[in-house]
Every structure is written in C-alpha cells, then in structure tokens.
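Based on these hints, arrange chains B and C on the given structure of chain A.
Protein chains in written order, with the numbering used here: chain A, 1 to 360; chain B, 1 to 272; chain C, 1 to 276.
Read the hints as simulated data drawn from the structure, not as lab findings.
Accuracy of the hints is not assured; some may be wrong.
If you want the footprint, here are the derived chain C segments under chain B, 3+ residues with CB under 8 Å [as the list claims (entries may be wrong)]: (1) 68 to 80; (2) 97 to 109; (3) 230 to 241.
Note that the Cβ used here is the ideal one computed from N, Cα and C, for glycine as well.
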Amino acid sequence: MSEFEVELKNINKSFGDFKASRDINFGIKKGRLVGLLGPSGSGKTTILRMIAGLENPDSGDIFIGGERVNDVVAGKRGIGFVFQSYALFRHMTVFDNVAFGLTLLNKDKEFINKKVNELLELVGLAKFSHRYPAELSGGQRQRVAFARALAPEPKLLLLDEPFAAIDAKVRKELRQWLKTTINELGITSIFVTHDQDEAIEVADDIIITNKGRIEQVGTPADIYREPNTSFVAEFIGDSIRLDDISKFKGFDINEDNTSTEGIGGIIRPEFLEIAADESEASMPLGSEEGKVIATYFRGNNIQVDLEVKGEILHGWRSLEKKPLKRGDKALVFIHRIYSFKNNHTTILENRGKLKDSVII
Amino acid sequence: MKKDKLVRISLIFLAVSFIFIMLVLPLLLVAKEALAKGFAVYANSLTEGIAVKAMILTLEATVAAVLFNTIFGVASAWLLTKYDFKGKTFLASIIDLPFAISPVVAGLFFIMLFGRMSPLYPFLQAEHIKIVFAIPGIILATIFVTLPFITRELVPVMEAQGRDEEEAAASMGADGFTIFRKITLPNIKWALLYGVTLCTARAMGEFGAVSVVSGHIRGKTNTLPLHIEILYNEYNFTAAFAVASVLVIFAIIILIVRNYIEWRSKKKISAV
Amino acid sequence: MAASKKIIPGFRFSLGITMFYLSLLFIIPMLAFILYSSGMGMDKFISVVTDERILHGYYVSFLCAFVAAAVNGFFGIILSWVLVRYDFPGRKILDGLIDLPFALPTAVAGIALTTLYAETGWLGQIFHELGIKSAFSPLGITIALIFVGIPFVTRNVQPVLRDLQPEAEEAARLFGASEFTIFKKVIFPELLNPLLTGFALAFARGIGEYGSVVFIAGNTPFETEIAPLLIMTKLEQFDYEGAAAVAIVMMLLSFMVLLTINGYQRYRLKKEGIAV
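Okay, chain A solo, but in the shape it has when bound (with noise of 0.2 Å):
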C-alpha cells in the first residue's frame, strides 16, 4: 500500500497542440486539504478533472486509495466533485439535488431523508430544502453543491475554484467555513484556486502549477519562505522583480562568493525597512538611498513606492512613525533577497547584517 491516498505518476495530458499537463507527478496523503494554485491556464483544472476522471490522461497513471483508477469512470472512482459553476440540477431542489446520488445507489428512502437532511444542516440549509437552486444566492448555492458531493460518502472531496463566483464579503466566511468542515470531516480534499491568499488561507499543503508542470509542493508556510523557483516566488506573496540584483548594498556576491552580476531576484515589501532618516534607521551604513514616488494609506499601515537606484520598490511603514511624503528622501535597507539562478531560487541575506551583527 502507498503512503498516499492520491497519487500521480508521469501524467501527460494535451489537448491538441495544448500541453495541458507535462510530467505530473505528486502524490496526497489521507485527511490532507490541498490547493493546487496556479495561473489560468497553468493546467491545474485539467489535473483535477482527471482525478475526478472527466477527463483521460494520453499517459501516465492516477491512483486513489492505492488503486489505478484509469480505467475507472467517474462515477466509480467514489469522489465527491464541486463544480466551478456547482452544475447544480436546475430543475430539482435542494433536497432533491442533495438526494441525487444517494438514490443512484439504491438507498432506501428513510435513509436518504436522514442522510440528505443532517447534512443540509451541516451546510446550514436545512430551511431550504424545498428552494430551487435559481431561489438561492452565489454562497447558498455553493454549498448545496458541497453538500450534494459529500451525501454518498466519498473518498475523495475535489472543489474547482471552489470561491470563484462568490461576492467577496461572503468568500472570506465560506473559506473558513470549508476549512473547518473538511477538517472535521476529515476527508481528503483538493480544491483548485488561481488565487494565492484563498490557497494560502485554506490548503494544508499547496501544490503550485505553471505551464502544465507542477513547481512547489509543500505547506503554505515553507513555499512563502522558501520558493524553489522564480515563478513561485514571484506568484506567491507580493513581489518586486529585479533584473539584475548586485548593484544593491550586502547583495554583490552570492553565498559562494561568485559574483550576482547580471543575477535576478525578487524582494518581497516585508524584506524592506524604510527609514526617514539616518536616527530612525537600525542598520545607516547598508541601507540604500531613497525617493518616495508615493504613499498609500491602507488601514493599519502605510505603502510607500520609493525610487532606489532605478528601480521602483515598494514597503509598508508603520503608522506611528514619521509620514512620508512624494519627493521625500528615505533610507531602504533590504533584508533579503530571493535569488534566481537557473531557475532555482535561493535566499541571500544582506551581508551587511552579518558584518553589523558581527561589530555588535
């Protein structure tokens, strides 16, 4: 047996002259909730229709609970799907909707109504039952669908942008919601996403595409701090691109001593301190010299776009210090910076903090 309750092998995929997946392989653990995150376009929905078994890999093998599912139809792989527009049955109500799948199998009708019943009272639509899902709104309406994929007990739960037709007052609640629910559940979940602070938000492991290949697998946590490749870095989190990152104070040699000439790197706004002036900054000596192009208030702190050495940055200022103004000059010392070379992303920490810490 795998140690895996979802495993990909080698999976190719095109669609016509569109590589849809190149090389897919990963594999998912029971009871984990994952978010494959990635740009449109990028292949993560194909990926999930073939686990869900709507759509057929050209090569490679899809495993569920240990067992090759090719050849397997959709309707016998025992996963729950989620539509994007939730495909709820337009003509059927809610409880009819949920009930669908149960009275595919057979059940006996007293079973279905408990069935159907305990779990819209989970997705708190138990006084909706006789609605119709045009009667419903956007977030209503999503959870019936969540509510219909989870009535024959799946092995597998799959949400396919799963927020995406949400207004976003009621997203932020809903991915909460979905968050605690699966993970009481405990089921094994994949939900697809383009939108970084939803995967961010709710996956315990994240799985980023690009182009048809996958990037990064890992928790939230390790592919925000350490990103192994350009496109992650620059997809998660908010970033800056650099072409060419040795022209700034501490970043001139790599951690081998090799020169960063011509080296691109990315820096994220919480890598930057901005400081008005030289009493007010903690490290004078590496920081760079600065103009402010302009500020944004944004409720608990202040952006501040500055102009340093040619290239436009941006960090946040806390409100209690001095304000900046446009054409202000400012002190920026970088932190650090993720560095790419050959696709690889490594991270340099400015020098001039070791050589300070070392004077202190």
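The following block gives chains B and C in isolation, referenced to the frame of chain A:
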C-alpha cells in the same frame, strides 16, 4: 419629439399593413371562400370520403415524422452538444443539409432510390413492396423534409446549458439513460416541444416532396395538401378552401402553442 | 484507447442512432440520386440544362427568389425594429403572426394568394385597374415567395436587436448624432450579419419553393415556369434523367447562394476581428 413620433407611427403602420396584406388577408380569404356556399356545403366537403382519407394519411405521415424525428433530434442534439469528436462540424452540416434542398428534389431522391430505375426495384417488385407512389413513400418524404427541425431547435439550447450538470451526474455514477431522463430532459423540454410543433407544422403541410412521390392516386395516396390541389385544379374552389380551412385552423393552433411555449420558457429563464 | 473515452455515457448509442437514421433517410437516398445522375452522361446533362425553356425556368426562380428575399430583408428590419423597440396594442399578435408562413401549408397559401391576386380578387382588382397583371405573372411568383420568406429575416434579426447593448447607442447620442445616423452607423452594422443569414435562407428557400408558387405562377413556358415545376414536368413525362439534371443545377444554385453569403459573413467577422 414630434419627428420621433411620426417615424414611430409610420413604421408601425408600415409593419402592420405589410403583415395584414401578406398574412391576414389570405387567411380571411380562406374563411370567406370556404363558407361561400353555406355551411352545409362546407361540412359536406370535409366529411366526404376522399377528404377523410386524405386527413387520415396526413395524420399518419405527421405522426410518423414527428415520432421518428423526435428520436433522431434528441439523439443527434445530445451527440453534437455533449461530446467532442472528429468530424462533428461535418456531421452538423450534413444534418442541416435537407434545409437547403428543395422539397421537389427531396422527392426525387426517393424516386431514384425506390422507383423503376433503382437497382432495388426488381427486389421490391418481387416482394410486392410498394414505396413510391404509395403511402410509405409519402411518409419517407415527409420525414426527410422535416429531418433537421428538432435537432436545430435543441442544439443551441443544449449548447447554452453546457455539460456541467450531466458531468456532475456522471461523476456520481448515473448511467446515460438516467442522466438523460432526470437531468437533460427536464432542461430541454420546452425547446423540444417547440421543435415538435415546428416539425408538426411542416410535416402536415408538406407539398412538393409528397407531390413528387405520391403519384396522385386519388383517395389512396393523397394527403390534405394534395387533395386541395386536385380540388382546386378541378375548379371546385369551395371544397378546396373548405379543406384548406382545416389546415389553417391547425396552423393557428400551432402558432398559439408555439407562442405559449415561448412565453413559458422565457418565464423560466427570467426566474433564473 | 483511453483518450477516446467519453465522460458522459451514451456516446456510442447516440452516434449509432444518428448515423443509422441519417444513412437510411438522407445519405442513401442522396447517393441513389447521385449514382443515378452520374449514369446520365455529360452530353445529356448539358443538353437538358442548356435548353432554353429550362434556362428561363432557372432565371425566373432565381430572379423572383432574389427580389422576394430583398423585399423580406427590408420589411424584416422594419418588423424587427417595430417589434423590439415599440410597444403598441396588438404587438404580441403581430409578433405571433410572423411565424404563420412556417405553420401554414404552402398549398393553402398558394390557393389563397392566387384567389386574392386573380383579376377578380380583392387585391388583384386593384392591380388590374392599374394595368398590372399580378397573378399568373412573375409578380405573382414573387408575392408567393415573399409570403414564404417573411419569418426568415425577422426571426434572425429580432433576437440580435433585442440583445443589443444600449451603451454604444447612448454614446453616439451624447455626441449629438441624429436617430437616423445612429441607426445607420451604430445599429445597422450589428444587424447586417443576421440580416444576411435571413436573406440567404429566404433566397435558398425561394429557389426551391414549389407549393405556394405553382398555383399563382400560371406555369406558362418561357414566362412563369419555375425550376421546381420543370422537375415535376419532366417527371410526369417519365424523363427521370432530365428531372435529375434540372435538380442538380438547382441544388448547385441554392448551395452557391448559401456559400457566398456565408463566405461574406466570415470575411466580415474576420475583418472586424482584426479591427478589434
């Protein structure tokens, strides 16, 4: 603005007069001519043996065309909208082709297939099977002429509804028949009915194709439209218009049903 | 092959029904026709279709169908406009009546129109006093074809006009464009494609139409004989090859009409696609 109002009134006037002259006047004329010699003659023209036989044959051909074309229409629309396969566009244009073929030419097809010059003819002759110049030919020609109607009504509706619901049902293990009956059919029933009324109207009134294959054997292979032609050519105008009035009534019923269906399906859409 | 597996069950079943039915009712009869016609020989074919009486039949069919489709194009736009943009008593009835030619058997339309436009008929009288022969003339044929073609343009244009976004019109109005300019520059270009589709369908239908025309035409050789009638005449003389020859050219004419207009629409779409 005054000018706008003038434009508006003249356009409405133009549209209404056009429809009145082109469509309403002919209907009024049918009513007037049918009843020209009083109700007794009218009733007599309809209950006379040959007219009744023609009515029955028209009914048979219409029922057959609607029945078979419904099965074909549903199957082909399902095929064209629920799957991707090679040659799909080609198949769709083949299905549309009977629209571009004159009914007279369509009738000719069946003459060539089953008539005296056909390689099948000796066999049919030996087995005493009569197709052209007989009832089966009329039914075949009627089916041919109405072949694409239901498919054409269903395809855009099913295209717009997408495959999600069917895929969802399939992913839960439903078989094809269950998916069709429980998911697809309730979603397309108004479009299907709409197609059926179109098919009925055309089948009931088909003239050219049926005319070619019928051989005009009076009382035996005449449909109502052909019967009208014969009466008219015999200068029996009152009887011709009396029979015509029956078809006019059917046509109006079909129009009302069509409009009702359209109204119902729109109501459903606006509810969603 | 795994790749050819379909998600929704029933592919083979529906493919089977579709192909079986199409073959039986369409492909085989058409092949029989083609097979029979191909045995005719080029000489016979050419001698039939270049016969002056036949050529005149094509001419009448083609010309009358063209004029009728053009008239329907004009009124189709007006009807769609009136039905979509104006509200007036009886609008629903007017809308419902548009489909009448689809529902009314052509033979009924044929005898009704003939009586209506005969010299003694309600409308024929008026034409007669003006010295115009309406029934039993090309004018009569055209009138019958107008009747048959009424729904095509309207039913194609109407939904497009209904779904037109008002923003472009409003923008033009803010620039001070007159209503006529707005129609010409903003609305009409949007309606051109459905108009052409409707025109093509009415045109093709007109070329092949028989039932409604045969009564009103009068069927005088070199004057009011239409191509489908010539097929019937050939059949009545048991000249099956001649009928097939006439039919082939007629089919080619209809296909050419449909293809030409389809091609023009594609060209337009492509041009606009690049411009956008």
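So, going through the hints one by one against the coordinates:
Residues of the stretch 68 to 80 of chain C lying with their CB closer than 8 Å to a CB of chain B number 3, which satisfies the three-residue condition for coverage. Counting residues of the stretch 97 to 109 of chain C whose CB falls under 8 Å from any CB of chain B gives 13; the rule of at least 3 is met. Coverage of the stretch 230 to 241 of chain C by chain B holds. Counting CB-CB distances below 8 Å, 4 residues qualify, and the rule asks for three or more.
In summary, this structure violates none of the numbered hints.
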